[in-house]
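Q: The residues making up each chain are set out below.
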Amino acid sequence: MSELITKSASELAQLIESKEISSVEATEAFFDRSESLNHLTLSYLHLNRETALASAKAADSDLTAGKRHSALHGVPIAVKDNLTTTDAPTTAGSKILEGWVPQYDSTVVKRIRAAGLPILGKTNMDEFAMGSSTEYSAYGPSRNPWDLDRIPGGSGGGSSSAVSGHLAPLAVGSDTGGSIRFPAAVTGSVGAKPTYGTVSRYGLIALASSLDQVGPVTNTVLDAALLQDVIAGYDPHDSTSLTESLGSMADAVKTADFKGLKVGVVKQLSSDGFQAGVKKCFDDTIAKLTAEGVEVVEVDCPSFEYSVAAYYLILPAEASSNLARFDSVRFGLRVAPEGNPTIERVMAATREAGFGPEVKRRIILGTYALSSGYYDAYYGSAQKVRTLIQQDLEKAFSQVDVLLTPTAPTTAFKIGEKVNDPLAMYLNDIATIPANLAGIPGMSVPNGLAEEDGLPSGVQILAPAREDARMYQVASLIEALYVAQWGAPLIAQAPGLEANRG
Amino acid sequence: MAKEPLMDFDEAIERFEVVIGLEVHVELNTKSKMFCGCANVFGNEPNTNVCPICLGLPGALPAVNKKAVESSIAIGLALGCEIAPNGRFARKNYFYPDLAKNFQTSQYDEPIAFEGKLDVEISDGQVFEVLIERAHMEEDAGKLTHVGGATGRIQGAEYSLVDFNRAGVPLVEIVTKPVFGAGANAPELAAAYVRNIRDIVKAMDVSDAKMERGNVRCDANVSLRPKGQEKLGTRTETKNVNSIRSVENAVRYEIQRQAHILAGGGSITQETRHWHEDRGYTSAGRPKSDADDYRYFPEPDLVPVQPANIWIEEIRESLPENPQQRRKRLANDWGFSELEFRDVVNGDLLDLVEATVAAGTSPQAARKWWTGELSRQANAMELSTSELAITPDQVATIQKLIDAGDLTDRMAREVVAGVIAGEGTPEQVIEKRGLKVVTDEGALIAAIDEALKQQPDVLEKIREGKVQAAGAVIGAVMKAMGGQVDAARVRELILERAGS
Amino acid sequence: MSEITPDLVRHLASLSRILVTEDEVEKLAGELGVIVDSVATVNKAVSGDVVPTSHPIPMSNVFREDEVAPSLTQEQALSGAADSAEGRFKVAAILDED
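Chains as they are written, first to last, in our numbering: chain H, 1 to 502; chain S, 1 to 500; chain P, 1 to 98.
Treat the hints with caution; some may be incorrect.
What the hints assert, rightly or not - Footprint (simulated), chain H over chain P, 3 or more residues, beta carbon under 8 Å: (1) 16-23; (2) 29-39; (3) 53-66; (4) 76-90.
These are calculated hints, taken from the structure and not from any lab test.
Don't be surprised by glycine CBs; every beta carbon is placed ideally from N, CA and C.
Please model the complete structure; the sequences and the hints are all you need to start from.
A: Below is the structure:
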């Protein structure tokens, strides 16, 4: 296998800029690897060599003509299959959209193309991003490169397994309750959810409109920063898009400094009740920071106790409405029962066949939460919990600069272990959900391997809304501490896909 | 589906108290749609004014049309409403093939305008204060055509076709509070109210305001309660009311239908009904249950609308004269009697008369044309006067010719008929039909001579004082001249001859 | 103990246009019952005077100028349709009038 495949995106970008390698070489290296190993991880749902290489060629000729479109110009990238692309199907991991080729590119994909990054392919995901293990994909589960019998996290397990398995140097994903961050933690990679509104949602197949955000999936903090710089920015097509720029994350990372940093640990996510090895990794992170002179205090966020409950009311409610458009009329699957069915029956049969069990569960739950007589008790109350969470966070951030939590309560569990227990599955997101409810940015960086199983663990950094730069800075500082300890990013310790069966 | 048994209207009013409520949808005439940049135009090829947003494609997001908000505020102000300092959009969730997202982006408990009123005058001069509950912004659905059934209606159709060109067009829905105490005037009041709304939005140029085009749509709610009862009766909502006339007829019908049922000890089903103008009755549609659970919640893809006071005041300043003020001004300028003016208003002829006066006709002449001959023509053709194929300019042209003596009244009526029949402009019709007052009196005198020769005793009778005798000769002369002379002139000449 | 009865599940499935078999109805009633019981705690969390949050990052007055932008062609619009005729999306007969 090419030596290019373990390089970070920023390294590849520099090699391409200095013309030591071409974008075509880099793209071919990752494409070949993806093609030959995808059967192990099922990271990708769609791979198209022609389009990927055509973009790479164009990136190369632009560079020759003196046009470098971004700091990641020429670096190939994978895109989660819920972002629309006009040159590849966009299924959102569902049968109801099997083979659907959109008539428009999402704004994020437009920006990626304009920045000169060739798209390798579309990655696997839990159906409509509902899930935390990618086991709810209608096309089969993705697998963790660290152990192919285990989940790579979800809903963005395709992206996380691609990046941690070096099938792509970086990827773009979406995060509604932890779909970027949880997979990052369990695959030993980096994942960030920007402040709500930072990255356009136009062309992102909506799950929960007030919670969804697009973000980077990478192996290093710098790569994530560089990618966020490419995809972020005001979009008039998205009415919730932030009008002000948050500045360059990559620039911020360069000036990161521990001096004066004050960090909070959330009492309600203190990691008691988390897997022992995960807790130990987290304690180790805190110890390292303390050793650097960082002040660490405990903060109290009592409303966090209700965050999972609120989330599992708000998300299904919004999703039940967002997914109503899948009705067989204008696009997607159509199933016509026998006889002379009415359109109502065609819609019902289509949705029955096209949606998986988790999606159906959440749609029905969401319909209930919004229904007359129940709105106040359920959806209405959940939206009030959001206010309380924001208030708790505001109070916390008045005392500290960032908050730290373990990203996930456990390491990667086995495929099939939780798939029949929705409630157990929902608890994977206990630490990541508050950021989506409040709209604040959060990211996960690796902080070691859990003792008991040798599997990756991650630490989550939360910052106030619009303080993404601060979050990236603290993340890069923590990453540096660990890289100093290990001599390389954690991903270097992964067993490697070639070593696995297949 | 047949007409149901009806109680006599007067008896119904005698026994029951009528409560009406009107929901009027106004289609705005913005250039682009409510939430996307597709053109807001009528009549294009199907599905050519659509985009990912109004087609409800996965991933698409709405963006609010500022002009639509401005027009909505204008409508609210014109109706004396308060403008909400903090309004939000909401999703109204239901499944229907013409609803691209299977929810309508509308407004629920935070409409842009609320608590207004409108004074509505009816034909006998009474003025009713109709209270406006709210006016809110929403988007229109696509258009369905049903294929394969007998009537082109849903029942019995084999399949349906959907065109989304209209989906996403901005609408303002105006909802009245229940209107009490209209009694026998309820049908007329309902119609007058809708006419007023139409006039207002037309005057403000926020809508093309053509009911026949669906720019203004009315749903009429009617309920009855026994006299003296406080509790409101069960109401029905009647849709497909496509003209001012239909509003009046539908309300009247529902009063009579419901009265018959209630008097017989039955109860009214709360339902949506469909008005059939051709047959003059309402038919039952879906039962309107409050289990029509729309599951409203604030639209998460759009942010609140908080119009600045400065903006609201700018809009208020720019409002044109409101129709009631305009009516007062015109009544004053034209000097009609109260009855004459009311005739014009009730016949929906104000704009037409005004335009004809602007083209140079005297107000009385304009009035006579539109309330007289032209209304007659319209009724005969079962059209509204505004649908007649003749313009105020053309009417003014014809009147000018009459004033100049180039046309007789009778000829003028022929010209009008010709124009309406599509034979061309007044000038063309005159040319084609050879309608010209003959000014060469030589031929006329010859014709008179001939006629007198045929009836020799006429002159004698006239000299004796029996002036009416001239009539027989006039008739003969008119016939001989093909009607192309002014009968008055013929009479004049005959009398002259008698005198000579 | 939960208020999610099989009848309610059937009603909700109908409202959301998802065909469910009787087996599924039973299963869903059970699963949803458990979930609803656990999320119902949100009720306890809040008192009357907390304002609900529907937009995490407060913003207002985001508008678009009233300008026409290019539309899709008819072909593009119909490209995803399972069935079309005469330039329109074709669907089975509709049950309800409205």
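Q: It remains to establish, for every hint, whether it holds in the given structure.
A: Hint by hint, here is what the structure shows:
1. 16-23: holds (count 5)
2. 29-39: Three-residue rule met by the stretch 29-39 of chain P, so holds; n is 7.
3. 53-66: holds (count 8)
4. 76-90: The restraint on the stretch 76-90 of chain P holds, since 8 of its residues have a Cβ under 8 Å from chain H and three suffice.
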